[in-house]
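As given, the protein sequences belong to chains A and B, one line each in that order. According to the numbering used here, the first sequence is numbered sequentially starting from 1. According to the numbering used here, the second sequence is numbered sequentially starting from 133.
Read the hints as simulated data drawn from the structure, not as lab findings. One should not assume that every hint holds.
Heads up, simulated SDA-like pairs for lysine to any residue below, C-alpha to C-alpha not over 25 angstroms straight-line [what the hints assert, rightly or not]: (1) A:K94 to B:K139; (2) A:K94 to B:L194; (3) A:K94 to B:K138; (4) A:K94 to B:I144; (5) A:K94 to B:R153; (6) B:K139 to A:H62; (7) A:K94 to A:S32; (8) B:K138 to B:R153; (9) A:K94 to B:L177.
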Amino acid sequence: MTSPGKKLSPAPIIFGSNEWAEEVERFAPSASARLRAESARREIEAGGVRLAWRPCEAEGSHGTRLPGCRKLYVPLGQEGASAAPYGLVFQLAKADRGLIWSFIAFGERHPDNPSTRTVYERAHKRLHGRYP
Amino acid sequence: MATAVKKLDLEIGELIEVAGRRYEAVPDREGGLILEPAITPVSELYAERGWEPASEEDFRRLTADDEPADGEG
């Protein structure tokens with residue numbers, strides 16, 4: 001158990017193979033989205049790059065509920081939706097080795113195609129089993 | 133020769149597997165039903181691995197230095 005007020009050590013980032021297959025390998029090998037995700041993962045796993053984490057919304061404006069989750073925009077180090085059109089979402093989880101950031105979703109932040117699910121909707125689906 | 137059509141009578145939440153890939157029947161935005169590549173819930177994945185979501189308290193502590201929320205999602 002953690003003592004109140006004590007700051008925790010950083011948790012490792014884990015890309016589960018099932019989640020990676022469903023989120024990233026759904027795209028063709030040469031698709032821009034997949035190449036961007038693969039590049040971001042390589043940068044994250046190599047370390048040494050400052051990651052601009054932001055918390056997800058526990059109660060999002062479009063019905064998504066992502067408590068306990070944080071996100072990175074892709075390409076890493078970019079911010080605006082045109083410069084960083086994709087997002088990676090992670091959930092803090094307890095594994096046998098301690099706390100981890102578990103990768104749960106990848107996708108477009110603001111898809112042009114209205115039938116395309118946003119990365120937040122995909123994350124909601126993975127957390128709650130259904131779309132908002 | 134006409135192509136034979138395989139008809140599926142699916143309900144929301146049902147899964148099918150095609151060439152080793154799973155697809156789920158989900159509602160579309162117009163009230164219909166479409167097939168999408170399946171998204172396995174964390175409850176199922178974590179149960180296999182012995183993981184569970186962390187507490188809100190741990191989340192708050194580990195994200196204390198994050199950038200502010202941007203209201204996007």
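Each hint, compared with the structure:
no., hint, in the structure
1, A:K94 to B:K139, "43 angstroms, violated"
2, A:K94 to B:L194, "13 angstroms, holds"
3, A:K94 to B:K138, "44 angstroms, violated"
4, A:K94 to B:I144, "31 angstroms, violated"
5, A:K94 to B:R153, "29 angstroms, violated"
6, B:K139 to A:H62, "34 angstroms, violated"
7, A:K94 to A:S32, "33 angstroms, violated"
8, B:K138 to B:R153, "17 angstroms, holds"
9, A:K94 to B:L177, "13 angstroms, holds"
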